[in-house]
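Visitor: Residues per chain, in single letters:
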Amino acid sequence: MTENKKNDIAVTIAGIEMNTPLVMASGTFGYGFEVPRVADFRFEDVGAVVLKSVTLKPRTGNKPHRIAETPAGVLNSIGMQNPGVEYVAKYYFPMLKNLPTKFIANIAGESTDEYVEVARIIAESDAIEAIELNISCPNVKGGCAIGVNPQDAFALVSAVKAVCGKPVIVKLTPGVTDIKSIAESCIAAKADALSVGNTYTGMVIDTHTRRPVLGNNYGGLSGPAIRPLTVCNVHKVRQAIGDSAIPIIAFGGVSNASDAVEVMLAGASAVGVGTAVFTNAHICSEIADGLRAYLQSQNETNIADIVGTVKLN
Amino acid sequence: MKKSNSNAIFDTIATVIAQKPSGTNAYTLTFECPEIAEAAQPIQFVNIAPVPLTAEGSPGPALDMLLRRPLGFSQVRPEQGRFDVIYQVVGRGTQAMADFKPGDRVRILGPLGMPLTADMIKAQTVILVGGGLGLPPLYDLAPELIKAGKEVIVIAGARAENLLIMDTQQCKLKRPLPDIGETTGFKPFVELGADCVITLDTPAEGFLSGLVTEPLNKYLEQDFDGGLEIIACGPPIMMKVIAQIARDRGVKCRLIMEARMGCGLGACQACVCKTTDGYKRVCTEGPVFDAEDIVWE
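Taken in order, these protein sequences are the chains called B and P. When you line the first sequence up against the working numbering, it's residues 1 to 313, in that order. When you line the second sequence up against the working numbering, it's residues 1001 to 1297, in that order.
This is chain B alone, in the form it adopts within the complex (with noise of 0.2 angstroms):
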């Protein structure tokens, strides 16, 4: 039981006690240490950090240029370059330890043997509270699969819940017609939360040389550009699969607590925030102190109060 304190802004979601729900988005925030480097990072603010994926093989990556900017968006073509899930849980995952707050391991794979294997060691550190399965990057080849079929991600969720023991989260990809019929699958599977969101997959053409501008040709998009598109999503789903049902973690585009609001409003209980840190490190505790003061300004004592309460016209 927690105690309801004033504009109270923890959360719990799929048994993860967080601080506040602001989630630094996979891909945007390293193994967890980088980012914290600035000098008066607070972890506190930060309710908890989904690492980078990691595979079971080392990933070189994709050739440059990775990134580009695009109108209020950022266009990404890293190719989960890392390297495999035995050196991550060697040498990185101990440095989580004893950091307040929580810390996320994205998994990806290009079969469910390999997911079910990179969970296996996963769920073996005691620094790690959940894994987010990525089923939903658009920068590898076969990673998208996945995510569009509702009999695969079943058997995949099912797969992976089989052999870990701590929460499963499931990243579904934007990129699908069928958003719904997808969530379903993962609800079914047992999956212990949802992110709904990833990167849209976007391209960017040099017009001089005529070439594309990454060195992969195309891209995932994100940034404010996107957030409607989540706040959309975000909807849908929560709509589709009930007040009731897991809780979603929105992933995309939001960079103030005024957008952090929205997509809970929306239904997300906890919300990602991934591209901001790029333009302020401290993003989430500004972010953080926004939420508090929301909840003051709307005599709200605790921010889960306040999830799925969209009025529709």
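Derived from the structure by calculation, the hints contain no laboratory data. Model, not experiment: these values are computed from the prediction. There could be a bad hint or two in this list.
Residues from chain B that face chain P, not an exhaustive set, calculated with beta carbons under 7 angstroms [claimed, not checked]:
#	residue
1	G30
2	R37
3	P64
4	H65
5	E69
6	H282
7	V310
8	L312
9	N313
So these bits of chain B aren't anywhere near chain P, every CB distance computed over 12 angstroms [what the hints assert, rightly or not]:
#	residue
10	P36
11	D40
12	P100
13	I121
14	R210
15	Q296
Beta carbons: idealized from backbone N, C-alpha and C, even for Gly.
Here the structure of chain B is known, so what remains is to put chain P in place on it, guided by the hints.
Guide: Using the frame of chain B, we list chain P on its own:
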């Protein structure tokens, strides 16, 4: 965290002190930001938001241009709590920066990257080769080298006389080139006591003409008893050619690499360059790389 920690990185708000033309085609921006000025070391850089904060302190229209622009320090004055960067207007970000006015408050991340200090360089003579906007970081390094008693030769390349990024001054070469005892150099380097030559793609009176490799090759014919190192910063094609020359001559060569950057802190893995040991992040493992380690694509 202690502010005196030399490894400290700050994500903070700097104040624009001045914006002045530099050379014929660039600007020098002076920021006041004591914590970054005190922590900065040579060859490090800052990531600068291209749009100032609003009066209320919110990013305002900066949300349209999310990525901060990496710029090398051209000069750091820790005693004043200030530093300078030099930039050219090349895209919408630098176009927006051209509107910075004294008093504007700008979010800046830094100092970033691994420093290159004089004690890391064994050679007695250092040839600094800068192409275009590659020059300012070399100006950040040059005083350190001179203070350490090293001979500094600067070879600067530019496309044309109207595209110079620093003010010029006559330079009487201490180490003359064949037929050239005096030429036009960049004032900041000449004032430090370095030899400086400028070579232009489009010939102009008082300047050398051609590629930076021409004076470089001529210098490399000379004797450097205390050892020689080349440090280059500029367009990739220039650095690739210089790396090859250095390799052929058996001269140690370091390159200051540039890449499109995201977070600046090593988290997003966007700003990579290819090395013999895989992709390395310019922001944290660079910006200085041994020329031998770079794989050119």
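Visitor: Can the hint on V310/B be confirmed by a CB-to-CB distance to chain P that is less than 7 angstroms?
Guide: Since chain P brings no Cβ nearer than about 23 angstroms to V310/B, farther than 7 angstroms, the hint is violated.
Visitor: The output says Q296/B does not contact chain P. Does that hold with a beta carbon cutoff of 12 angstroms?
Guide: Non-interface label stands for Q296/B: nearest chain P Cβ at 18 angstroms, farther than 12 angstroms.
Visitor: Can N313/B be said to touch chain P, with a Cβ gap under 7 angstroms?
Guide: 26 angstroms, violated
Visitor: Please check whether the beta-carbon of I121/B is more than 12 angstroms away from every beta-carbon in chain P.
Guide: The claim stands: I121/B keeps its Cβ more than 12 angstroms from every Cβ of chain P (closest is about 21 angstroms).
Visitor: Taking the least C-beta to C-beta distance, is G30/B closer than 7 angstroms to chain P?
Guide: 3 angstroms, holds
Visitor: For the hint on L312/B, does the least C-beta distance to chain P fall short of 7 angstroms?
Guide: Interface hint status for L312/B: violated (27 angstroms vs cutoff 7 angstroms).
Visitor: Does the no-contact call for P36/B survive, Cβ to all of chain P over 12 angstroms?
Guide: Incorrect as stated: the minimum Cβ-Cβ distance to chain P is 9 angstroms, not above 12 angstroms.
Visitor: Measuring Cβ to Cβ, find out whether D40/B lies farther than 12 angstroms from everything in chain P.
Guide: At roughly 7 angstroms from the nearest Cβ of chain P, D40/B sits no farther out than 12 angstroms, so the non-interface label is violated.
Visitor: For the restraint on E69/B, tell me whether the closest CB of chain P is nearer than 7 angstroms.
Guide: Holds - the Cβ of E69/B comes within 7 angstroms of chain P, reaching about 5 angstroms at its closest.
Visitor: Are H65/B and chain P close enough, Cβ to Cβ, to be under 7 angstroms, as the hint says?
Guide: At 5 angstroms from the nearest chain P Cβ, H65/B passes the 7 angstroms test, so the hint holds.
Visitor: Double-check P64/B for me: the hint is only fine if its C-beta lies closer than 7 angstroms to a C-beta in chain P.
Guide: For P64/B, the interface hint holds, since the closest Cβ of chain P sits about 6 angstroms away, which is under 7 angstroms.
Visitor: Classify the hint on H282/B as holds or violated, based on whether any CB of chain P lies nearer than 7 angstroms to its CB.
Guide: 6 angstroms, holds
The structure fails to meet hints 7, 8, 9, 10, 11 from the earlier list, while all remaining hints are met.
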